[in-house]
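A.B. asks: The primary structure of each chain is shown beneath.
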Amino acid sequence: MRYDVVIAGFGGQGVLLAGNLLSYAALEEGKNVSYYPSYGVEKRGGSATCTIVIADGAVGSPVVGHPSMLVVLNQASLDRFGASVRTGGVCIINSSLVDVATLDRKDVKIVPVPMNEIALGLGDPRMVNMVALGAYVALSGAVEFASLAGALKEALPERNHRFIPANVKAIEAGAEIALGKKA
Amino acid sequence: MSKRLFVKGNEAAAMGAVEAGCRYYFGYPITPQSDIPEYLSREFPKLSGEFIQAESEVASINMLLGASACGVRAMTSSSSPGISLKQEGISYMAGAELPGVIINISRSGPGLGGIDASQADYFQSVKGGGHGGYHIPVLAPNSVQEMYDLTMHAFDLADLYRTPVMLLGDSVVGQMKEALVPNPRPVRDLPEKGWAVRGKGGAEQRVVKSLFLGDGELEAHNWRLHAKYQQMKEKECLSEEHDTADAALLVTAFGSLSRIAHTAVTMAREAGLKVGLFRPITLFPFPERALAEAAGRAGKVLVLELNTGQMVEDVRLSVGAGVQVSFYGRPPGAGSLPSPEELFEVIKKHYVQAPN
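Order-wise, the sequence lines are chains A and B. With positions in the first sequence counted from 1, the corresponding number in this note's numbering is that position plus 1. With positions in the second sequence counted from 1, the corresponding number in this note's numbering is that position plus 11.
There's no promise every hint is true.
Result set (EDC-like, lysine to aspartate or glutamate): computed pairs, CA atoms no more than 20 Å apart in a straight line [said to hold, decoys possible]:
#1 B:220 / A:80
#2 B:14 / A:173
#3 B:220 / B:203
#4 B:359 / A:30
#5 A:110 / A:125
#6 B:239 / B:215
#7 A:154 / A:173
#8 A:154 / A:57
#9 B:246 / B:299
#10 B:14 / A:30
#11 B:285 / B:203
#12 B:211 / B:200
If you're looking for bench data, these hints aren't it; they were derived computationally from the structure.
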């Protein structure tokens with residue numbers, strides 16, 4: 002199997018950490034992964050994007066023109082990448098900050114997830130990226146949820162391990178919303 | 012097999028240098044390669060190595076020259092504008108036949124340009140970027156694993172041929188993270204460094220220099236260096252081929268772009284087009300013979316580069332007049348990285364025009 006995804010938002014939303022976690026989880030499962038962060042003159046508040054390819058065989062190009070899935074955390078990212086999603090693909094949109102109606106695509110599945118509200122509800126608005134990641138993994142099946150929990154240990158420095166249970170909850174919450182288990 | 016790590020290409024190159032026994036680094040920070048000095052500044056103190064952030068690129072390349080003259084494994088790294096500053100020192104090292112590794116995680120130019128992935132430093136790297144008509148081996152990794160493996164190889168080549176060696180990458184291979192298996196350094200027969208200066212004591216004097224003023228001395232030196240380049244061409248060419256056996260169109264690309272091109276070639280194969288990929292791994296020595304063979308079979312070559320056409324000149328020289336060579340370039344800059352889908356369209360267009 003081969004999965005590719007572009008995760009995009011503004012700097013500070015944790016887009017790159019989400020991409021890293023997904024990659025660690027896939028690696029732990031013995032898969033091949035490439036994680037390619039956009040690398041421009043970008044900083045906090047600017048745009049942050051990463052492309053992840055997960056494959057059983059060779060990854061091939063780390064650059065993907067038409068991803069099968071797109072996860073966008075802010076309006077600018079939807080404007081920039083919305084048209085690139087492959088026909089039949091999936092677009093997961095942070096409906097807390099993004100006007101979903103601006104994506105005029107009938108040929109892709111659009112999944113609005115109010116990521117900021119969910120993260121706030123769990124007590125920490127910084128967990129927006131975990132909610133997004135949970136939604137992506139639930140809809141793509143790219144990795145197992147258990148691997149994500151393990152990946153948190155790899156990706157986070159020791160001093161932040163105490164936040165892992167809260168992050169796992171945020172991942173689960175994102176997954177549930179994406180699968181339509183909760184309103 | 013060791014555990015698979017998940018690291019950036021730049022870190023992998025730094026890890027490869029440590030494994031190769033390099034304990035001396037001299038450099039000056041510049042995007043997008045600063046992960047290399049960051050890693051080594053953290054690790055070298057634990058290994059009794061020396062890490063020096065010099066006052067400039069010019070100082071750091073000359074520190075590398077000095078360390079190398081003492082016979083130790085040493086390196087520097089930078090990105091395009093910084094590598095330009097180092098050219099004088101690289102020329103002196105080539106002239107004095109000093110080993111050393113220089114990593115260029117190149118960015119776009121000319122001048123200050125931008126920081127995006129670019130292959131515009133091909134000419135500077137392979138044609139002798141400094142004065143005096145020399146060549147140095149240039150290796151072009153296209154994965155995190157190769158950033159590690161080829162850095163170790165670079166140190167061996169440097170010692171085998173007493174020459175500076177360059178690893179040429181860009182922000183794609185430098186910033187990308189992939190799995191890395193940190194294999195141990197391969198065992199190779201390397202020559203003694205009987206030329207290294209060490210404090211004369213009672214022994215014979217050793218002199219490391221690039222100045223040759225005696226009658227006929229410099230001409231002889233140049234011919235000897237030339238013979239060394241010929242020997243590298245005989246022995247050290249590295250390249251990789253995919254689906255070239257029955258290809259009617261041979262796509263050629265190096266470094267980061269070869270990864271994107273490979274996926275585009277796979278798309279072409281899935282669409283029933285007989286397309287193959289030839290990737291030079293050594294840019295100097297250029298794998299002329301292997302390319303000529305594969306190109307001769309296909310009859311038509313399409314060269315892809317992140318510039319307006321540089322390697323294409325070496326391709327033309329390699330394949331001879333019977334092979335049709337065409338070029339597609341994406342000059343450097345933000346948003347200039349082509350996707351596999353775009354390259355597939357380019358391949359289709361050139362394939363249609365292919366004879367038969």
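A.B. asks: Measure nothing beyond the straight line between the CA atoms of residue 220 (chain B) and residue 80 (chain A); if it is 20 Å or shorter, mark the hint as holding.
C.D. replies: Distance ~59 Å between residue 220 (chain B) and residue 80 (chain A) Cα, so the pair is violated.
A.B. asks: Holds or violated: are the alpha carbons of residue 239 (chain B) and residue 215 (chain B) at most 20 Å from each other?
C.D. replies: violated, 26 Å
A.B. asks: Between the alpha carbons of residue 359 (chain B) and residue 30 (chain A), is the straight-line distance 20 Å or under?
C.D. replies: Cα-Cα ~36 Å, so violated.
A.B. asks: Does residue 246 (chain B) pair with residue 299 (chain B) here, judged by a C-alpha cut-off of 20 Å?
C.D. replies: holds, 12 Å
A.B. asks: Quick one, are residue 14 (chain B) and residue 30 (chain A) close enough, alpha carbons at most 20 Å?
C.D. replies: holds, 13 Å
A.B. asks: Measure nothing beyond the straight line between the CA atoms of residue 285 (chain B) and residue 203 (chain B); if it is 20 Å or shorter, mark the hint as holding.
C.D. replies: Status violated; Cα separation ~49 Å.
A.B. asks: Can you confirm whether the C-alpha distance between residue 154 (chain A) and residue 173 (chain A) stays at or below 20 Å?
C.D. replies: holds, 17 Å
A.B. asks: Check the hint pairing residue 14 (chain B) with residue 173 (chain A) against an upper bound of 20 Å on the C-alpha distance.
C.D. replies: violated, 29 Å
A.B. asks: Measure nothing beyond the straight line between the CA atoms of residue 154 (chain A) and residue 57 (chain A); if it is 20 Å or shorter, mark the hint as holding.
C.D. replies: violated, 23 Å
A.B. asks: Please verify whether residue 110 (chain A) and residue 125 (chain A) have alpha carbons no more than 20 Å apart.
C.D. replies: Between residue 110 (chain A) and residue 125 (chain A) the Cα gap is close to 29 Å, so the pair fails against 20 Å, i.e. violated.
A.B. asks: Keeping to a limit of 20 Å between CA atoms, is the pair of residue 211 (chain B) and residue 200 (chain B) held or broken?
C.D. replies: Distance ~27 Å between residue 211 (chain B) and residue 200 (chain B) Cα, so the pair is violated.
A.B. asks: Are the Cα positions of residue 220 (chain B) and residue 203 (chain B) separated by 20 Å at most?
C.D. replies: holds, 19 Å
The earlier numbered hints that this structure contradicts are 1, 2, 4, 5, 6, 8, 11, 12.
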